[in-house]
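> Chain residues, written in single-letter form:
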Amino acid sequence: MHIHQYEKLWLGMSLLLIVGFIATITYGAVGVGVTMIDDSGGNVDPNALDEHPEFSDPGVEKVGENEYEAYVVARQFIFQPDPIVVPANSTVTFYVTSADVVHGFSVVGTNANTMVIPGEVAEVTVEVGEPGEYGIVCHEYCGAGHHSMEGMLRVVPEGEYNSSDGGEQ
Amino acid sequence: MTDDEHETTADGTGEEPPVSDGGTASDGGAIVDDDGLPAGGVPDTPHEDDHGLPPTHSIRRWFVTTNHKDIGLLYTVTALFFLIFGGLLALLMRLELWAPGANVMSAASYNQAVSAHGLVMVFWFLSPLAFGFANYVVPLQIGAKDLAFPRLNALSYWFYLFSGILMGISFFQGSTFNGGWTMYAPLNTPVYTPEIGGTTTVLALILFVASATVGSVNFLTTMHRMRAEGMTLRRMPIFTWSILLTVWMMLFAFAALLAALMLLSSDRLIGTGYFAESSPGGAMLWAHLFWFFGHPEVYIVFFPALGAMAEIFQTFCGRRIVGRKWFIGAMLLVAIQSFVVWMHHMFLTSINLEIKTLFMATTIGISLPFDLMVFSLIYTMLKGKIRFKTPFLFGFGALVLFILGGITGVFLGAVVLDYTLRGTYWVVAHFHYVMVGGVTGLVGGLYYWFPKMTGRMYDETLGKVHFAMYFVGFNLLYFPMFLAWETPRRVFEYAPALTGWHQLSTVGAFLLGSSFLVMFYNLFKSAFVGEEVDGQPWDFASTAEWTVPSPPPLENFPGVPTYASGRLEFDDGGSAQTDGGAVHGKAAALPGSEVTGTEHEGGESHASIWPFVLGVGAFLVLLGLSGLQRGYFPEGTMGGMYIGTAVVGGVVAFGSLVAMTRERFHGPEGPFGESWPFTTVENTKLGLWIFLASDVILFGAFIGAYVFSRVAYGWTDWHHLIPEAHVVLPGLINTYLLLTSSFAVVIAMEFAERENRLGVVGSLVATVGLGIGFLVNKGIEWQHLFHIHTEAFPAGWDPGTNIASTTFYVTTGLHALHVIVGLVIAGYMILRAWNGAYMGDDEPIEYFGLYWHFVDIVWLFLFPLFYIV
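The listed protein sequences derive, respectively, from chains A and B.
By UniProt numbering, the letter at position 130 of the first sequence is numbered 130, and the numbering carries on one by one without gaps.
By UniProt numbering, the letter at position 424 of the second sequence is numbered 424, and the numbering carries on one by one without gaps.
To be clear, the hints were calculated from the coordinates, so they are not data collected in a lab.
Certain hints may be false.
Calculated pairs, DSS-like style, for lysine-lysine (alpha carbon to alpha carbon, straight line, at most 30 Å) [to be verified]:
no. : chain 1 : residue 1 : chain 2 : residue 2
1   : B       : Lys325    : B       : Lys385
2   : B       : Lys325    : B       : Lys383
3   : B       : Lys385    : A       : Lys8
4   : B       : Lys389    : B       : Lys325
5   : B       : Lys464    : B       : Lys383
6   : A       : Lys8      : B       : Lys325
7   : B       : Lys525    : B       : Lys389
8   : B       : Lys525    : B       : Lys464
9   : B       : Lys383    : A       : Lys8
Some chain B residues close to chain A (C-beta under 10 Å, calculated; not the full set) [unchecked claim]:
no. : residue
10  : Ser115
11  : Tyr184
12  : Gly282
13  : Met284
14  : Ile780
Where is the CB? At the ideal position from N, CA and C, for every residue including glycine.
Working from the sequences, and respecting the hints, build out all of it.
Structure, rendered in structure tokens:
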């Protein structure tokens, strides 16, 4: 079989591309530790979020040196808490679930972007930098008020962060 | 082979299996006799036979026609109408996006416009336009007189048209479905989208899928059974190949969609709980079913465009496509692989990373065969001599756009990048480059086959103007979306900084839209006053449709076409044929494509109004059912109107089915030239087998939905959802009843062979009796379960009680529906057997038996799953 030189080149490059993508993912997951959403978040009963130890009172908790966990509930047509307040230069892990339909949770300008599926908890870790404000939008259709469903991630200077108002509503 | 014994070969029943009570393949004596017409020439006096059809200028013609070319035209015109429908919705959206925020439409209207735009374009425009060409061209290319089941083909069209009308009506029933074209659960359940229009949209989709399934069965039977002599699969033209693979994908992918839609409509109409929040797997179940269909659908939509592009490249480069075998092989590979990439639409769900990585690999891998096809097209241009006619410009444009669309898709296929890009305009831009890239190819096809369909040439200058406006408009519309990729999808709010890109995009949208005005003007005018063309307006077109007059006569060929001595060769670089003697360019196709013999069935009517009437009936039934919500019709007059509509529709549908089986109608009969690999299987039988294959997927998806829901709930916890009263015995009795009834069918066949009339009637009556026993037993069981009063189930155990009852009633209910359909057919056969049919001709009974045994086998799976484990 005769394969044209360009074709060989293209095949080689395509293979390289595939290997490259797989390498990216491996490096991303192992090397720099970009946490990707997987099934580690676990399951919840969307009809009984009120009884859930964390989601009954969504908010931000300090769990370690500079490490925070943010429990977020998406429901028609709000994110709870809103705004989510976290200190600058910290590591925040978001646990997001839905109380009703499928929502989107995209913190514009960060790596947090996920589907929010009722019954499942999406987990995503963000390295938060300088103080600032990030908009959160829902980009999955979720009903009549979909267009108005937005939230806010507020990053405040470490000194100003008060754990008691850490994202409580 | 006379009288009503031989009523029909196309005795299908819409969504029901095409069980025939007639239609033996006749050996029909010698069909080929050599009165050799000149090789490959365009016959001067096409044989005129109206096949019982009114003339084309009569309105009636278009309601009764079953001819594949007429139906091809109907499909094409209707699809273009839906292009306008979907296009106007798109323009509304682009107007809305001129500036951030809701300015033009209300938020609710915007959501409807986006959802309906997606559905209309994907379902009611793209595939049907391709099927317009497929209907017109495929039988010509393979040398068949018509499709295997002409009336079923008409039925496909009418189902398609009426499903589209139903979709349009949904706008006026409160609101059409407004949860996006992906219809994610649980937003698609009536708790969140209570509008009747939402239900109508789902039912319209079901009717569309019925149309697509009937069409797939028809095309597959035709292409596998009815090729001319010498037209082996390897020699099939590329467009026909692309359609063959498309319909195979459709057969399986649409069955999965049908299952998803049936589950959804059961949730919406009866109030079951497949996608309710109470089922832990509900949201993911929908996503899996939808995307298992959804990804092959991308190729279902794109393949015909690819096929058209390949034909156009061959004709206008004057060269056979480079690496034809490889091209076909690559398409085959994509067709298979398309079924194992669907989870890349779900990278942002909780599927674990190993599986995501696997699906990333299959996804990126699927781009390789496409690379091959792209290169093959590029080489064809390099090695040929290009003529820049309008069809070629569109074909070439499609290639360029598809390359861009394909490459940007590889980004999305990588899990890591998808975390950033998902839900943004990157995705929107990507799939519009791919899908509308496909449209570009199909528009090329429209110009390419326009002279064949109308017998007149379009205006070349206006065609080029159209292309220029189209190509500029397209890129102006979609390319800025890549640049403004940070805009979130499905939202009309966006960062003000991106306003410029969106305004550019809107300008492009209007340019693209207005380019179609040029096309409509051009084609409409040319169809009446364009320059008349002969059979071969493009020199170097290589396929068989160009060897007959434009438009071709109803029976396509003046005799039985054969390629026995010919090869699919092509005039390389403009020099004359090597082996032909065929006039240069003119019908140089298929040198040696000798037209031998004539076969003429004079006076046979090919007109039938019943497919249209059945379409009306199905339309009314679904329109009536749309009012049903969770088991209740609306109060008062409105509810009465819905019920009345459904009842009238049911009567009309049933009446037209009966009329259809009573009608004398012959589809094309064999033996045909090439029928590999189904030489020994008769058309109707093959059609039935293919239909059953899609039914297997349907049941597979239903059973899969059960297993998925149960695993998500907890396999053993599930038992808490089932009352004690749900015992094994009724199921066991039913198993015996069904097995015995299958045996009775076998005995009926035996009696038919021995020409024992009473024996046939007796065993069929036994079949029906046992079937009714099955239903009665099931009815008693259900009645009992509905009305139990236990501590756990104080209000009975009905379909809406919990996910276990939902899966039980709906899955076994679907099976019961199959039993009922079988009983109706068997009842009809008893009447016929009483009148002396089937004596010595057991084939109809065999076909019914196939279906009946299949229903039986399905029960053998359902019984242990729902009664024992």
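> Hint compliance check: list the failing hint numbers for this structure, sorted ascending.
14
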